[in-house]
Amino acid sequence: MTGRPWEGQPRREEWVRWADQLRQADWPRPGESLRLSDAERDEAARALGEHFAEGRLTADEHGERSERLWAARTYADLGPLFRDLPGGTPIRPATGRAVPRPPSASRMVGGGVWWLAKLLLLGFVVVMVVTHVLPLLLIGLVVWWVLAISIGRWGRHRRRDVMRQRSAAHGWDRPWDRRWV
131 MTGRPWEGQP
141 RREEWVRWAD
151 QLRQADWPRP
161 GESLRLSDAE
171 RDEAARALGE
181 HFAEGRLTAD
191 EHGERSERLW
201 AARTYADLGP
211 LFRDLPGGTP
221 IRPATGRAVP
231 RPPSASRMVG
241 GGVWWLAKLL
251 LLGFVVVMVV
261 THVLPLLLIG
271 LVVWWVLAIS
281 IGRWGRHRRR
291 DVMRQRSAAH
301 GWDRPWDRRW
311 V
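Count along the sequence shown from 1, add 130, and you get the number used in my numbering.
No lab work stands behind these hints, which were simulated from the structure alone.
Watch out, some of these pointers could steer you wrong.
[Unchecked claim] Just the calculated beta-carbon pair ranges, DEER-fashion:
id, residue 1, residue 2, range
1, 165, 186, 23 to 29 Å
2, 295, 271, 25 to 31 Å
3, 292, 252, 28 to 34 Å
4, 163, 186, 15 to 21 Å
5, 141, 210, 31 to 37 Å
6, 245, 216, 34 to 40 Å
7, 168, 142, 48 to 54 Å
8, 163, 248, 48 to 54 Å
9, 218, 245, 15 to 21 Å
10, 244, 165, 47 to 53 Å
11, 248, 172, 51 to 57 Å
Positions of the beta carbon are idealized from the N, C-alpha and C atoms, including for glycine.
Let's have the full structure, built from the sequences with the hints guiding it.
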């Protein structure tokens, strides 16, 4: 194989032209294959009647489009009926589902405990500001620190650490001892 690897490949202008053609193509949009309900056909017929009343359609065009409207089964069948009219298709299919929101911290397991700790700390700060008592601040900080250790990041693996200490105290900290127990 001689020559450069890019020889014989389409030039950038051709790629741009192809991309424009693809963009302008009449692709089915998501949801256009969904079937129409009677209420949606009624709404489309009402919109077609408004276009007829405003003089955009003749009586023959209105009759022909109405027949095609009542024979339409999907959203895609409505597209050609309203393509040359202002406003386009009067009804649109749903484009997606609602995304569920992730649970908030207060609804997660243990999330309510943090709210309680914050409320206690706020109460201690308010009492300290009102009464100017330094010991209450220190008590509040100690309570906050204990809660943070027991609930928070430092206390997360406490049970695992306690089990390791118990195993080491009995001489079960070696891997070959754990197999036989």
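Given the hint of 48 to 54 Å, check if residue 168 and residue 142 actually sit that far apart at their C-beta atoms.
Because 51 Å falls inside the window, the suggested range holds.
Should the hint that residue 141 and residue 210 are 31 to 37 Å apart at their CB atoms be regarded as holding?
The hinted range 31 to 37 Å holds for residue 141 and residue 210, with Cβ atoms some 36 Å apart.
Can the suggested window of 15 to 21 Å be confirmed for the beta-carbon pair residue 163 and residue 186?
violated (28 Å)
With respect to the beta-carbon atoms only, verify the hint that residue 165 and residue 186 lie 23 to 29 Å apart.
holds (27 Å)
Distance restraint hint 48 to 54 Å, applied to the beta-carbon atoms of residue 163 and residue 248
Holds, since residue 163 and residue 248 (Cβ atoms, about 51 Å apart) stay within the stated range.
Consistency of beta-carbon spacing, residue 245 to residue 218, with hint 15 to 21 Å:
With Cβ atoms ~50 Å apart, the hint is violated.
Could you tell me whether the CB distance from residue 245 to residue 216 stays inside 34 to 40 Å?
violated (54 Å)
How does the Cβ-Cβ distance of residue 292 and residue 252 compare with 28 to 34 Å: does it lie in that range?
For residue 252 against residue 292, whose Cβ atoms are near 32 Å apart, the range 28 to 34 Å holds.
That 47 to 53 Å hint for residue 244 and residue 165 (C-beta), does it hold up?
holds (49 Å)
Just to be sure I understand the hint, the distance between the Cβ atoms of residue 295 and residue 271 should be within 25 to 31 Å; is that true here?
holds (28 Å)
Assessment of proposed distance window 51 to 57 Å (beta carbons of residue 248, residue 172)
This hint holds: roughly 55 Å between Cβ atoms.
Hints 4, 6, 9, counting from the list given before, are not met by this structure.
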